[in-house]
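Residue-level listing of the chains:
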Amino acid sequence: MDLYQELILEHSKRPHHAGLRDPFDAEVHHINPTCGDEVTLRVDVTGDGAKAVVTDVSYEAQGCSISVASASVLAEEVIGHRVEEALATFEAMRAMLTSRGQVAGDESVIGDGVAFAGVSKYPARVKCALLGWTAFTDALARAGVDITSTSSTSPQGASS
Amino acid sequence: MADVLPFTDGELAAIRGDFPILTRTVRDGRPLVYLDSGATSHKPTPVLDAERAFYEQHNAAVHRGAHQLAEEATDDFEAARATIASFIGAPADEVVFTKNATEALNLVAYAFSNAAPTDDPKDERFVLGAGDEILVTEMEHHANLVPWQELARRTGATLRWVPVDADGALDLSGLDELLTERTKVFAFTHVSNVLGTVNPVADLAARAHAVGALVVVDACQSVPHLAVDVATLGADFIAFSGHKMYGPMGVGVLWARGELLEVMPPFLTGGSMIELVTMERSTYAPAPQKFEAGVPNAAQAVGLAAAVRWIEGLGVERIHAHEAALVDLLQRGLAERPWVRVVGPAVGTPRGGAVAFVVDGVHAHDVGQVLDDAGVAVRVGHHCAWPLHRALGATATTRASFAVHNTVAEVETLLAALDRVPVVFGLDTEREAS
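Protein sequence lines correspond, in order, to chains A and B. Counting in our numbering, the first sequence runs from 7 upward without gaps. Counting in our numbering, the second sequence runs from -17 upward without gaps.
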């Protein structure tokens, strides 16, 4: 099965940038109601407008290997980057994850995120991989960042 | 092991032959090993045929019209009611068709709610307000918890609950404090959809009745797997789903004592359920029609009756013995794997057809994915019992749930697939699970 790439397993066992840190501009708590996975995520943003930079992303993720690894890769890919770039990475990740295996993902844009290409073939797991990313964009919005360049950030799906 | 199964290999092959879906493959050609019947069961051919025959030969809106098809459709629908009622030991007019068990439970909760504000409640038992209490348990499916939370919110009554102990049984040590003359309703599950725990319905009902409370039992996980006779069960209401007992989706059942159905206000209102309608007000038909507003799900009811006949043809006791043997086999297999922790009653304790477990260090979604890769379909998550999982200290569990078509070989396939989990995720299987 091509879902559990070594990179995903490594990130899930030793998630990068894990733990909640100060300072931060906004903190959010997102859950996946189908399985009870949770992520608490903080963002720290410096500067305004086009020059705004994601200074830090810190998080506590409790969940499956896909959701934990995804939060780890997210932190890796956006910390120190301009908000604009971070949102472009999010868009590229989402396009790949929701493509049902049609979009391979561009390593120059999403880095280790390409390891998640296999997830897109498992629709039930896409929400796991997007949990951290939707928390991240929500946190940016709460921190006062204009994220309207991205479309709706909430993956659809019901729970029981 | 196969020697103690109640069905011969030939019988089991015939049973499996009734399920067209079991011949398909999943994930690159692997045979389907379906161990998720607790979520929804597959449908045997006689059920599919009955539903199709209704549409092909008798289709009409029941309880309306005087043409021949309307008569036939109505006869089929009412015969289905009688078949299902007889299966649970009830008179036909005590069976109400709903769309599922969730709607059946909401119907009861709204009977309380709708009784509260009326100027002339027919029965004080259904009138709830501040100071009254609703008792549930910590092991409930959300369907038998959320409607009661909402009822409490609407009426000002207080929701209380019986906790679950470490073995996955109800902790009844504090029941005298929880179940008092303030309790108007005690709602609990017959068999836990996660733990498999079988609750002592008759004892709990007797204690509830002693303080004047009505007893609502979620029977979704018992009716398909155990002989349930409402005459001796002790409950005042039971709810169950058709689709979990080899029947179609879109049909469920509420059974209630006739005298309660008579005094309960309706839930959904509209056509079919009326006696007389003027522009100002309406009076209602007797039960069960009072609770079946709109054109009912007749084809699904007919399909469910076919499912009941199919179950009766095999014998519910034999079905239970077969599933119990598979549950026992799985529990013993899991017990040999110290990195797996089964939640719920220990091996040998009577339980329903579900076994949920945790692989410490690996999330249930990941366990389920590895099993799926081997063609084994299980449920992962909190199984609509989130508070129970909190009480168990587990974010999520992996649940295998059985039906009569499952085999010893399928349990072995599950266990073999499970052994790949430590390999994929690099677990040290020598250590003891915590």
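Hint data in this document are derived by calculation from the structure and do not stem from the laboratory. Keep in mind that a hint or two might mislead.
Said to hold, decoys possible - Derived pair list, reagent style SDA-like, types lysine to any residue, alpha-carbon separation capped at 25 Å:
no.	chain 1	residue 1	chain 2	residue 2
1	A	127	B	406
2	A	127	B	410
3	A	19	B	10
4	A	19	B	81
5	A	127	A	15
6	A	19	B	342
7	B	81	A	40
8	A	127	B	81
9	A	127	B	22
Just so it is clear, the structure is predicted and the values come from calculations on it, not from any experiment.
Going down the list of hints, with the structure as the test:
1. 127(A) <-> 406(B): With Cα atoms ~19 Å apart, residue 127(A) and residue 406(B) stay inside 25 Å; holds.
2. 127(A) <-> 410(B): Violated - the C-alpha atoms of residue 410(B) and residue 127(A) are around 29 Å apart, more than 25 Å.
3. 19(A) <-> 10(B): Violated, because 29 Å separates the two Cα atoms, which is more than 25 Å.
4. 19(A) <-> 81(B): violated (44 Å)
5. 127(A) <-> 15(A): holds (18 Å)
6. 19(A) <-> 342(B): Answer holds: residue 19(A) to residue 342(B) is near 13 Å, not above 25 Å.
7. 81(B) <-> 40(A): With Cα atoms ~22 Å apart, residue 81(B) and residue 40(A) stay inside 25 Å; holds.
8. 127(A) <-> 81(B): violated (33 Å)
9. 127(A) <-> 22(B): holds (24 Å)
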